[in-house]
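Residue numbers (numbering that gives the first Met the number 0), protein chains in the order written: chain A, 0 to 533; chain B, 0 to 435.
Think of the hints as simulated: they come from the structure by calculation, not from any bench.
Check before you lean on any hint, since a few could be wrong.
As the list claims (entries may be wrong) - What follows is a list of derived Cβ distance ranges for each label pair: (1) A:Asp483 with B:Gly235: 35 to 45 Å; (2) A:Leu189 with B:Trp308: 31 to 41 Å; (3) A:Pro437 with B:Lys155: 41 to 51 Å; (4) B:Asn152 with A:Glu278: 47 to 57 Å.
Unchecked claim - Just some of the chain A residues that point at chain B, by a computed CB distance under 10 Å: (5) Lys156; (6) Glu162; (7) Arg214.
Quick caveat: nothing in here was measured; it's all calculated off a predicted structure.
From the three backbone atoms N, C-alpha and C, an ideal C-beta is built for every residue, glycine too.
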Amino acid sequence: MSEPKIVGFLCNWCGYAGADLAGTSRLSYPTNIRIIRVMCSGRVEPAFILEALERGADGVLVAGCHPGDCHYRFGNQYAEKRVEKLTKILDLLGVGSDRLRLEWISAAEGEKFASVIKDFTEKLRMAGPTPLKIQNKAQPARPTKNESIHAILKRTKALYCQECGKCSSSCPITRIYPVASPRLAVEKALMGLEQSVLVDKGLWSCLTCYLCRQRCPVDIEYDEFIRTCRAKATAQGVTGDCAHEGTLLAISRIMANPKVKQNRLGWVPKKAKIAKKGEILYFVGCLPYFDVVFDDIGVKNIEIAQGMIKILNEAEISPVLLENEKCCGHDLSFAGDLETLRELAKMNMAAIKKSGVSKVVTTCPECYRTLKLDYPELVRGPHPEVLHASEFLAELIKEEKIKFPGKFDKKVSYQDPCRLGRHMGVYEPPREVMTSIPGLELVEMKRNRENALCCGVSAWMSCGRHSKQIQIERLTEAKKTAADLLITACPKCQIHLNCAMSEKLPVKSEQIEIETCDLSLLVARAMNLMPTPT
Amino acid sequence: MSEKTSVLVIGGGIAGMQASLDLGGRGFQVYLLEETPSIGGRMAQLDKTFPTMDCSICILAPKMIECFRHPNIKLLTYSELKEVSGSAGNFKVKILQKARCVDESKCTGCGVCAEHCPTEVPNEFDMGLGMRKAIYMPMPQAVPRCMTVDKDNCLKCRLCTKVCKAGAINLDQQPEEVELNVGAIVVATGFNQYNPSEIKEYGYGRHKNVLTALEFERWVCASGPVGGHLIRPSDGRIPKRIVFIQCVGSRSLKFGSPFCSSVCCMYATKEALIIREHDPHVEVFIFYNELRAFGKGFQEFVNRARDEWGVKYIRSRPGEIVEDPTTTSLTIWYDDTATREIKSLSDVDLVVLCSALVPRVGNKKLAGIMGVELDEFGFFKVRHPLLTPVDTNVAGIFACGYCQAPKDIPDSVAQASAAAARAAETIALTRGVEGA
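The shape of chain B in the complex, shown without the other chains:
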């Protein structure tokens, strides 16, 4: 297969995977670049998905495996984009493959090495709530199923090398630079979660029982840091009252982002249902501003949460969260905008801040490498939001998913297919009339 008929997809989340599968299915060679040791992205971190309440990893894992097995897709995990030159139909791309120190072809992912590793550090995949070893697999369903050595934290004690029966570990491995020739590039780098510690009145980072929504996803996930038991982070007690606060840092002109993150209303409802499924005795409150249930089946989902599952919706943005230092329980002060009364909700065991989902910090650097423009917020800018919704200002480079505007999973998937189609078009044109 000619190199000109290959595509680089940046970002191994659901959008990147979908674009890769679409392109691979058409017979193009795809290089799927992922920064972390495993593909999967944000969706892999979620416990369930709205509005169908599917187990997230259950519907994602088959796609991950498909990417891994696909004859036309080559995974470049634990890698970074370094340089791009050339133009549509003929990009020259330099990629740095960080030293994983484990041979992918030999490692069986048995995990014996991790059992022996003496160093423990917070697991990024669990939003730092759980621990992992210096040699690790970020999650049980990781693809490729291969351990990775975190060189920053590795003590080089070489215990892992001794216990590895496959002889896959080589701590002296050096990073490698790979040069590729691709016809088009699809960017699907996703989002970061805004760190709400800047919003002092909510005490995130100070109060142990205040979590962000992504942290909470890991917290209640069966493969998460506490095995999916619904407990309070401060003392492990079973919570009786859980509160969600919407628009933390989103729709804000001061902190976070001015735009609506577009998924929080729905995932908060989903997480509320997860809680009620775990333990029907837990009272769940959602403090919202405007319930943006705009998609197919969304309003019905919210109605069901309210009417059948007893989730309490209050229209207000609380002013302050106060912690009782002895019990670590929280009190929430809010203005009930329906009755115009200032109220306080006490004995709250857990507060989940639905923190803004913002463009990735790394976007600027990445855009610089590719010569692509970002918009005022740091999202990848598209040429025309209505008529060319996935084209960037550089011909042959396309952007899809949350990295170019807030959206949910189905929209990201649809857009990924669109980007794949546009990328295919680019390559088809440059290679003449051969057909896919």
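Next comes chain A alone, as it looks inside the complex:
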């Protein structure tokens, strides 16, 4: 059996000094640790830890100063919060939280350091090698399609470009950050300046929100153009700046590992009826993970799934849930990792096929788009019918399979998610669902349906100044409708908009603060299946 490998992120002032003391004191401890010195344990991003595990570490140690002793006042507290979240994530992923350890080791505790390493090595030896270790495979994944830029232009109809500038003057990013422009990207590619397109930072700012494609008179597939160009750029080693340092993309990537057996159904309400085989499958998506990662910005993502299960049960449907459902691969693919999308598609489709369902319902529009649009391209059929929750709920309401017990007196506005609206053309079902709730009043924002403004972030790429500016704009618009609630049909819109509200932005909070709620959860609340917060 091979020896376990530990990556240790040690803070300069305490952990590292402690290790130093252990050395100068000639204490003996196992040689399994590889030390990376950081200035503070607060510098250790969750993404670093995940990447260490992805690249074959069996365990990760984060060591910092004792509480109260941080040389940067609160760095270690941040580290504690992050590790706590990541522990939950590792449990969900089935990787095991015992592979991650946070220890407070002061400069005087050489002995403690030695004993921690001894103990950790022992425990890891018992646990066995990490399931994440990938043999004979490079990371990050490379796109398989080595399409030439001209072929991309042809496939995405960009050769028809009239250079009219309708796309760029529509783009919410270009208006703020003119360097990133759909027209310029296509124009450069048309001029044969391939490298210029691929190394351009603007390539990673695109939200692939489809607004340009919606308006483009010749229907250039900008979303696909950007996605493929990103894959090409990644193959050259150029990547964008991922939000959260790529933590969320790393989680998706880890799921693509066939050895990973997730432990993801802990959220299912006790009395809920679920099945292993049946007609209808509920594809939960990454909600259990988001619930952990974003619990501090006031979004309880898992309630969406819990509400959905309860609604389905109420309609006398026991949905199939996949025990080892993987990420759909949407975000990875739009971040340029087409290969992992393919892997995920294969695994998910095999599991879906095995369950024997004919319909798949998703609460996330990105899963919806990917399962409905991308999977048939990647995996051979037959493919089940894919429905977004809004479509399925609208059907159930029409068939009177679900009913609302009383009035739900709320004024709401609706954020059209770009994947659901412009990408897939689903505009009316969510509205039908909302307006069928008695007492509920729907007021539209100024820009709605085809013209809706994106929530500002996509595929966990390039969250920054532009995103915040777009979010302020959108939330101000929502606020102007005087609605009590802003309904979204995409868990990610909710996350991104709530994130903006939880940050210090150069606007007054009363100008943008509005309660948000997912469409499925709204229905569950209106049916009294989920508690309405007061």
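Place chain B on chain A using the hints.
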């Protein structure tokens, strides 16, 4: 005159009229079929024509009258084609004359009946911007000069019957079917304007100050809904800034049509000049993609607009039109492709969308009746675009004007003469060697 020496012309626009006059002048009997109550067509709706800036109706009305008075031309207005059988030289044609409820031979067109009619509906001739009564004449210069009762909207109150001094009105008139025997058919049905409300970002139908080009023609026309005053539709204020957007629905693979409508660049320039003539203080912008000024005197016309009249040309297709809900003024977002800057033009009072001109919706039905082929867009297909530019796949049936491909007025007129010549040839052959 033998029936075999007669021709049916479908469509009473400038092309149909020209073909009729040519054929009539050669001594053939012409039946000019028109769907609406008056001949005149699209050209009658225009305020002026490019590049000569002639008043449109002023040069058209004499031709309309000529058609009406011509001994060899019989007008069949307010009528529809129902059936065609037979072949070149001997077509049997069934035509439905809708009930006009007014006797053409008695009506003087005095309009007293309309003054008394209690029902008002949007006037189709004014693109729905102005109103007309249920008994109406679509325009002052209508030919035949005769009122028409719109049966769908008529209340049958019979006030009109009481006030008509000529006793021309008979509300119980029934539609009539006419059977004709003709030697050839000329199709000249023109075009429809694409409804740009599908292009959501421009807000047509939502923003009051966004008009289509044909609506704008009526809007600034002296005989139009506001008497030719240049005002904003939303509140009647005098506009200070007017914008034209080219290629709305044309050259598009998604909405409207993939082809170029071929006249928009020029009529936008013409309309810009009309505006500057009305009020030299109004700023006019034309957002274009490629300025297609290809005809005789066209480029000079554009140059004059730019240099002498101060019309501002910007190469861009705007992304979005945003309305300020309090002032109803508009802001236009565009990418100035010359400088590569994203800009916005605010305080715009009026936006004119140069909407695609597309084949008529009715073409399919009409083609079915005649057994004629349409092309992929819905235009009447010609046998060979270079060598037989007006012949359809059915011998003896010819197509001219916009109904077979985009073109402007002079081209339509020229093509109408060509179709008339081809039709004459058909009849001459079938009747032997008598000569015209």
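For each hint, the structure was consulted:
| no. | hint | result |
| --- | --- | --- |
| 1 | A:Asp483 with B:Gly235: 35 to 45 Å | holds, 39 Å |
| 2 | A:Leu189 with B:Trp308: 31 to 41 Å | holds, 35 Å |
| 3 | A:Pro437 with B:Lys155: 41 to 51 Å | holds, 44 Å |
| 4 | B:Asn152 with A:Glu278: 47 to 57 Å | holds, 53 Å |
| 5 | Lys156 | holds, 8 Å |
| 6 | Glu162 | holds, 6 Å |
| 7 | Arg214 | holds, 5 Å |
In summary, this structure violates none of the numbered hints.
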